[in-house]
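> Each chain, letter by letter, is given below.
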Amino acid sequence: MPVSVYAEEGLVTQVKKGDAAPFTGVLLSNDTAAKLFGDIKYSKKECDARLSKELEFSKIKFESLLKTEQLKFDVEKKRLDGMIAVRDDRIKFLEDNYRPPAWYESGEFWFAFGVVAGIGITTAAGYAIGQAK
Amino acid sequence: MSTMWLWLKEKWKITLAAILGLLGILSVFLRLRAQKAVLQKANESHEKDNKLNDDAIKDLSEGMGKINSETVEALETARVKHDKVESDLEKEKKEFVKEVSEGDDLARKLAEELGAKYVEKD
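Here the protein sequences line up with chains A and B, keeping their order.
Using our numbering, the first residue of the first sequence is number 1, and each one after it goes up by one.
Using our numbering, the first residue of the second sequence is number 1001, and each one after it goes up by one.
Note that these hints are calculated values from the structure, not bench results.
Beta carbons are placed, not taken as given, at the ideal position from N, Cα and C, and that holds for glycine.
Heads up, some of the hints might be wrong.
Claimed, not checked - To be clear about the criterion: a stretch of chain A counts as covered by chain B if any three or more of its residues have a C-beta under 8 Å from a C-beta of chain B, and this derived list gives those stretches: (1) 14-27; (2) 31-45; (3) 51-62; (4) 66-72; (5) 82-91; (6) 107-120.
As the list claims (entries may be wrong) - Examples of chain A residues lying across from chain B (beta carbon under 8 Å, computed): (7) Gly10; (8) Val75; (9) Arg79; (10) Glu95; (11) Asn97; (12) Lys133.
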């Protein structure tokens, strides 16, 4: 077959040592051609495997980042909720105690008043009994 | 009794002053007691704040440690799994290459794969 017939097409043929080449081109050894064929055949599988590996690694890394951010959020929320509760408690205390109780509201005053009143009543009773005699 | 009454009538100013003095002391005492309670409450609040901060640091540290361990473990498991997949694929490819290199129709298969025309020998 003349070379010009194959001029515009992709061509492949099998030759043995000593055979005439049917067209101008590149001759590969069987091993090299087989390797080239294997590379072509397995390129998609290799690419898929690499992609799957990178995807899984990325997934693990981003899940870890997500967990870390969630943990930070949870810890900070717990801390701030606690601090707000402490503040609320303190504010309530300060509202309840923004001024000291008046002297007449204290237990000490009424105790002293009771003692003085008891002495007074006793004195008055004694005086009354003395007058009646 | 009448002596006491006479004394009270005579010294009522001193008695009144004593009573007012006692009330004044009571008032100051109550004020100081209230201030002490406010300061105690402030200290108590600061202690609670400090505990919350310490707990947060501890929780964060423990949580981060756990996440790191889990991540390292997961990455190692994934690495081993994918290394095996790659190794198996490499082995399969080598066998495939060996098989086709020993066959007679490598050129035809290559032509089909490349979309080229296979030229038969004359």
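> May I ask which of the numbered hints given earlier this structure violates, with the numbers listed in increasing order?
10, 12
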